[in-house]
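J.: Sequence:
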Amino acid sequence: KKAIELARSKNNEWLPKGKSVAFHNSRTDIFSKKKLKVGSFMKGDINIDIKNKIQSALDVLGSSAELLEISEFDTGTVFRFHYHGLIKNKRGMAAWTETLIRDCGVECTGVVFETGWRKRDPYYDGGDKWFGP
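In case it helps, our numbering puts the sequence shown at residues 1 to 133.
Because the hints were derived from the structure by calculation, they are not lab data. Computed from a predicted model, the values in this text were never measured in an experiment. Check the hints yourself; a few may be wrong.
Said to hold, decoys possible - Pairwise CB distance ranges, derived in the manner of DEER restraints:
| no. | residue 1 | residue 2 | range |
| --- | --- | --- | --- |
| 1 | 18 | 118 | 16 to 22 Å |
| 2 | 55 | 21 | 33 to 39 Å |
| 3 | 18 | 47 | 39 to 45 Å |
| 4 | 62 | 3 | 41 to 47 Å |
| 5 | 19 | 47 | 38 to 44 Å |
| 6 | 64 | 35 | 24 to 30 Å |
| 7 | 84 | 26 | 22 to 28 Å |
| 8 | 38 | 86 | 38 to 44 Å |
| 9 | 1 | 104 | 22 to 28 Å |
| 10 | 49 | 116 | 46 to 52 Å |
Glycine is no exception: its CB is placed at the ideal position from the N, C-alpha and C atoms.
Make the full structure from the sequences, and use the hints.
T.: In structure tokens, the structure reads:
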């Protein structure tokens, strides 16, 4: 009985309607309260000069990643993308994208791939294909 209870505690198909959405909203509400774009798909400032310099890298990425924001700081530049690829490839794609950007002659201190609520690949690992952001 305890095993079933533990298994169902993190599986949204056994939870009451709206419970999973409320859980995800509670984890991301802090971003909207503090007016942060990180953790969301909201577009931010994009420096056109930098975007034109990295256009060849964006062409290589194609439809797997969409540029959301370029944040420039004193310590470096961070690029934020909406990632559409497989979750299992997310970390490797971020590292490769960082290399592509540096190969274009632009300083890059970090790449962030936003996936929203998606933590796994529904069609790939047999998850619930109807649950999404």
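J.: With reference to the structure, classify each hint as holding or not holding.
T.: We went through each hint and held it up to the structure:
1. 18 x 118: 16 to 22 Å: holds (19 Å)
2. 55 x 21: 33 to 39 Å: Between residue 55 and residue 21, where Cβ atoms are some 38 Å apart, the hint holds.
3. 18 x 47: 39 to 45 Å: Given a distance of about 41 Å, which is inside 39 to 45 Å, the answer is holds.
4. 62 x 3: 41 to 47 Å: This hint holds: roughly 44 Å between Cβ atoms.
5. 19 x 47: 38 to 44 Å: holds (41 Å)
6. 64 x 35: 24 to 30 Å: holds (28 Å)
7. 84 x 26: 22 to 28 Å: holds (26 Å)
8. 38 x 86: 38 to 44 Å: The hint (38 to 44 Å, Cβ to Cβ) is violated, given that residue 38 and residue 86 are roughly 22 Å apart.
9. 1 x 104: 22 to 28 Å: violated (58 Å)
10. 49 x 116: 46 to 52 Å: violated (29 Å)
When each numbered hint is compared with the structure, violations occur for hints 8, 9 and 10.
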